[in-house]
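There are 2 protein chains.
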Amino acid sequence: MKDKPELNGIMEFGDMPASEFRESGRWALDWLADYFENIDDFPVLPRVEPGDISRMLPSDPPREGEEMGEILEDFTRIILPGVTHWNHPGFMSYFSITGSGPGILGELLCAGLNVNAMLWKTCPSSTELEQTVMEWLRKLIGLPESFWGLSYDTASVSTMHAIAAAREMVPGIDVRRQGLCNSGKRLRLYISDQTHSSIEKSAIILGIGLDGVRTISSDEDFRMEAPALAEAIKDDIREGWTPFCVVATVGTTSTTSVDPVDDIADICREHGIWLHVDAAYGGMGAVLPELKWVMKGCEKADSLVTNPHKWLFTPQEFSALFCRHRDLLKRAFSLVPEYLKTDQDQVALNYMDYGIQLGRRMRSLKLWFIMRYFGTSGIQRRIRRVIGWAQEIAAKIDNHPDFVRIAPVPFSTICFRAVPEKSENDGDNSATVDTLNQKLIHAVNRTGRVYLSHTRLNGKLAIRMALGNIRTEKRHVEEAWNTLLEEWESLKEEFMEAG
Amino acid sequence: MKDKPELNGIMEFGDMPASEFRESGRWALDWLADYFENIDDFPVLPRVEPGDISRMLPSDPPREGEEMGEILEDFTRIILPGVTHWNHPGFMSYFSITGSGPGILGELLCAGLNVNAMLWKTCPSSTELEQTVMEWLRKLIGLPESFWGLSYDTASVSTMHAIAAAREMVPGIDVRRQGLCNSGKRLRLYISDQTHSSIEKSAIILGIGLDGVRTISSDEDFRMEAPALAEAIKDDIREGWTPFCVVATVGTTSTTSVDPVDDIADICREHGIWLHVDAAYGGMGAVLPELKWVMKGCEKADSLVTNPHKWLFTPQEFSALFCRHRDLLKRAFSLVPEYLKTDQDQVALNYMDYGIQLGRRMRSLKLWFIMRYFGTSGIQRRIRRVIGWAQEIAAKIDNHPDFVRIAPVPFSTICFRAVPEKSENDGDNSATVDTLNQKLIHAVNRTGRVYLSHTRLNGKLAIRMALGNIRTEKRHVEEAWNTLLEEWESLKEEFMEAG
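So the protein lines, in turn, are chains P and U. Going by my numbering, 395 is the number at position 349 of the first sequence; the sequence numbering is gapless. Going by my numbering, 176 is the number at position 130 of the second sequence; the sequence numbering is gapless.
Please note that the accuracy of each hint is not assured.
Same chains, same label: a pair holds when it works inside one copy or across any pair of copies.
What the hints assert, rightly or not - In silico lysine-lysine, BS3-like type, Cα no more than 25 Å apart, as pairs: (1) 442 - 485; (2) 387 - 506; (3) 506 - 538; (4) 346 - 376; (5) 376 - 231; (6) 387 - 485; (7) 280 - 506; (8) 520 - 280; (9) 442 - 506; (10) 387 - 376; (11) 538 - 342; (12) 442 - 387; (13) 387 - 520; (14) 506 - 520.
Calculated directly from the structure, the hints in this document are not laboratory data.
Work out the full structure, taking the sequences as your base and the hints as a guide.
So, in structure tokens, the structure goes:
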């Protein structure tokens with residue numbers, strides 16, 4: 047119940063009064079600033095079991111409105127204890143992402159303006175700022191001018207649009223009009239055994255099906271084998287398939303390996319196949335001159351996705367798709383009902399023509415803030431620093447008698463595995479060693495100071511440590527390493543005694 | 047260049063310092079509060095031409111970082127003049143949406159926490175809060191317990207997932223595995239001539255193609271003709287098509303007409319066809335007891351989408367999909383790579399199993415804030431009020447000698463048309479009258495006080511006035527009406543003199 051008589055008139059209708067918005071807003075801002083200052087004190091992973099949070103939430107919405115103060119109190123009392131702190135400097139799991147200060151402020155203003163920039167007319171600034179920011183990003187990662195960029199929410203969605211454009215290019219069928227049901231074609235898409243699962247999800251959605259996805263083996267460094275790809279395509283053509291798209295990766299999810307895009311691009315060109323590059327994570331590495339090589343061959347791709355919300359300090363969601371065939375994207379997706387026609391349709395860019403989503407927030411505001419606030423050199427310094435730390439950790443692993451590094455470390459993600467007395471036995475493949483590594487990950491994560499993830503490489507369980515959060519400092523990396531060593535020593539002792 | 051020596055150490059690496067975050071954050075908050083207080087002073091539509099904004103933006107990102115103060119200054123100097131003010135109380139175009147105060151604060155905290163709740167483990171609170179909030183929403187709009195809900199970004203994406211689940215249910219083919227290329231089936235999806243364009247976009251993406259979409263005529267009130275649907279399905283079966291999905295609408299985009307869902311549901315059941323209901327806009331009307339009828343038959347649907355970011359004061363993006371076949375959604379979309387397996391997979395909900403997007407923000411926070419802050423009764427009061435105003439405008443149109451209302455007004459959107467001396471001639475169909483109405487819309491919009499849109503109904507151009515913004519007050523509706531009358535009087539005079 048509202049008990050502020052002076053607000054009664056406003057509260058019956060209308061929005062939150064400005065005074066309350068200022069007051070609650072300051073609380074939220076201060077809370078966030080304190081949170082970031084004290085983020086070290088939180089356990090990275092929350093100590094809750096499934097159902098713990100929902101049990102504290104009423105099963106019905108309140109009939110009468112509640113004070114914002116009470117609601118915010120519940121935010122800290124109920125929600126916070128169940129939050130996995132992606133902001134924690136010890137978050138070294140999956141890919142470490144950062145919602146940086148300027149990015150958060152961009153989100154705040156974006157939420158306030160709340161435009162839907164589906165058409166140029168419905169927010170000229172949003173459309174034109176996005177085009178500018180996409181050009182900045184294109185230059186930052188070193189793609190040529192022939193690539194035109196736009197944003198989607200996630201890499202999964204960017205990639206789905208790229209593959210849909212590729213599908214539109216297949217000769218002899220008009221997919222947009224006829225669909226695939228009667229195409230008489232069996233479309234084939236190529237990935238490696240390290241490719242992100244979202245590509246297979248796209249294949250499901252696009253009606254290609256998992257059978258239409260052919261997986262190419264990767265080499266000992268987890269890079270797609272280009273000769274195997276060339277063979278597979280020739281095989282498939284003989285068998286009556288229509289190869290139409292290859293997805294190569296710059297920075298795979300498991301090991302951040304970099305596919306030989308240059309070679310793959312040549313194979314694609316030979317057969318007129320669309321090459322899409324998933325550089326969601328790795329593309330950002332190319333902001334460093336010393337890592338320009340990761341983009342080698344990408345200039346020959348048809349499309350490329352990279353995610354500022356992964357390694358460019360941008361709060362979710364912001365995925366950038368660059369495409370050399372803007373016309374095909376539009377051909378695949380443009381459908382303009384009468385009520386969305388405008389006087390500017392011939393002269394202005396209407397983003398709704400390029401995708402499934404009609405709604406479009408002023409997503410570029412946060413990235414504009416970030417690129418200006420940090421500057422190109424500030425972005426480079428920050429990315430270079432974590433890569434340096436990752437190399438140091440990799441060297442420590444290489445020098446440790448019980449640890450084996452399982453993959454190269456081109457960026458800032460390290461995959462390794464504990465193998466006790468590795469030099470004396472070859473038990474590396476055993477399920478016992480897998481279990482031991484699983485236990486090690488759990489033990490480290492249980493400390494609340496570090497959060498590591500896992501993957502499976504050549505059948506073996508590997509520990510995965512991914513650096514990238516802007517708030518991670520040298521001391522956190524050292525703490526992570528020391529925590530790992532401590533937990534390992536105690537586990538090893540137990541293991542040796544048991545075995 | 048940073049010239050604050052005390053910040054140099056921090057600014058070389060790391061995030062924006064907390065003090066600067068607080069300071070810039072307060073600026074942004076105060077700016078927003080002032081903006082909302084003075085929103086009346088802005089022209090709804092910006093006075094810019096294509097290219098005006100981008101011309102003011104440099105073509106390269108800055109090498110060195112810039113002060114946040116400068117960046118925010120450019121936000122007001124460059125970006126603001128090109129913003130279409132969706133927050134303006136005179137924004138009565140498309141559907142009027144609102145980013146309300148509590149919703150904006152929810153977005154701020156969401157951006158700060160920046161979790162990716164793809165898995166329960168990666169943010170238990172986000173997953174469990176979303177489940178709770180979806181239950182609240184389900185109850186609010188009166189759907190039975192058999193519906194399970196989750197959020198996506200937009201209705202287009204929610205609907206795409208629903209149709210993908212429907213496709214997965216088609217007997218005799220395993221779409222997930224085999225795709226559609228060799229299915230031997232020609233899938234057919236049914237919409238009306240008033241259905242939102244996103245359904246056709248879904249059909250393109252899903253490989254069904256526009257040829258696989260059959261459009262059913264609508265009656266004089268723009269409601270899908272159920273008997274025509276029944277006929278079409280029988281026809282199609284005879285012709286070898288496989289009817290698999292019907293999309294009905296509660297609140298179409300042009301006129302907000304409500305399809306006879308109850309009758310359509312019976313037809314769907316008879317043939318084992320998936321019924322998806324697009325209640326993106328209209329679903330929210332059902333929060334009012336007097337509008338419960340709009341949901342009649344929806345309890346028999348297989349899925350339904352409604353958008354809190356349309357009429358529930360929620361900043362974009364938040365679309366809610368309710369589905370009676372949670373298992374099918376999962377069967378269509380679940381793909382779990384090794385690195386995303388967790389100990390809780392058997393007992394907890396991992397949202398990544400239910401869609402293409404792996405990334406998931408703590409989207410439900412803003413809706414939780416909104417439903418608590420306004421309360422059910424506060425939401426009802428606000429929605430009821432704009433519907434009341436729309437009825438008043440409809441009555442004024444009906445009583446005006448020069449205006450003709452073209453569609454019923456079940457919610458808060460009015461479609462009408464100016465027809466000079468309507469009683470004396472039947473020139474209603476002429477292109478001249480279309481042009482006149484187009485001129486009238488332009489004249490009204492040019493005042494900057496009101497923004498109306500248009501649509502085309504039975505070949506005739508109609509003016510479309512959509513109320514719904516929480517900041518719209520009675521005086522704004524009156525002003526809109528008066529502006530319309532004034533502009534009409536002057537146009538009419540011109541027209542009569544010319545003609």
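Hints, verified against the model:
Taking identical chains as interchangeable, the C-alpha atoms of residue 442 and residue 485 lie at most 25 Å apart only when both belong to the same chain, with a minimum of 21 Å there against 73 Å between chains. When the C-alpha separation of residue 387 and residue 506 is checked against a cutoff of 25 Å, the pair qualifies only between copies, where the shortest distance is 15 Å, while the shortest distance within a copy is 56 Å. When the C-alpha separation of residue 506 and residue 538 is checked against a cutoff of 25 Å, the pair qualifies only within one copy, where the shortest distance is 18 Å, while the shortest distance between copies is 80 Å. Taking the closest pair of Cα atoms, residue 346 and residue 376 come within 25 Å of each other only inside a single copy of the chain (21 Å); across copies the shortest separation is 37 Å, beyond that limit.
For the homomeric pair residue 376 and residue 231, the shortest alpha-carbon distance inside one copy (23 Å) is at most 25 Å, but the shortest distance between copies (28 Å) is not. In the homo-oligomer, the alpha carbons of residue 387 and residue 485 lie at most 25 Å apart only across protomers (15 Å), although the nearest pairing inside one protomer, at 60 Å, exceeds that limit. Taking identical chains as interchangeable, the C-alpha atoms of residue 280 and residue 506 are never at most 25 Å apart, the minima being 32 Å within one chain and 55 Å between chains. Taking the shortest alpha-carbon separations for residue 520 and residue 280, neither the intra-copy value of 50 Å nor the inter-copy value of 69 Å comes in at or below 25 Å.
Only within a single protomer do residue 442 and residue 506 lie at most 25 Å apart by alpha-carbon distance; the minimum there is 21 Å, versus 74 Å between protomers. In this homomeric assembly, residue 387 and residue 376 come within 25 Å of each other (Cα to Cα) only inside a single copy, at 16 Å, whereas the closest approach across copies is 37 Å. Proximity of residue 538 and residue 342 under a CA criterion of 25 Å is satisfied in neither setting, with 43 Å inside one chain copy and 65 Å between copies. In the homo-oligomer, the alpha carbons of residue 442 and residue 387 never lie at most 25 Å apart, since the shortest distance is 61 Å inside one protomer and 28 Å across protomers.
In this homomeric assembly, residue 387 and residue 520 never come within 25 Å of each other (Cα to Cα): the closest approach is 54 Å inside a single copy and 29 Å across copies. In this homomeric assembly, residue 506 and residue 520 never come within 25 Å of each other (Cα to Cα): the closest approach is 30 Å inside a single copy and 67 Å across copies.
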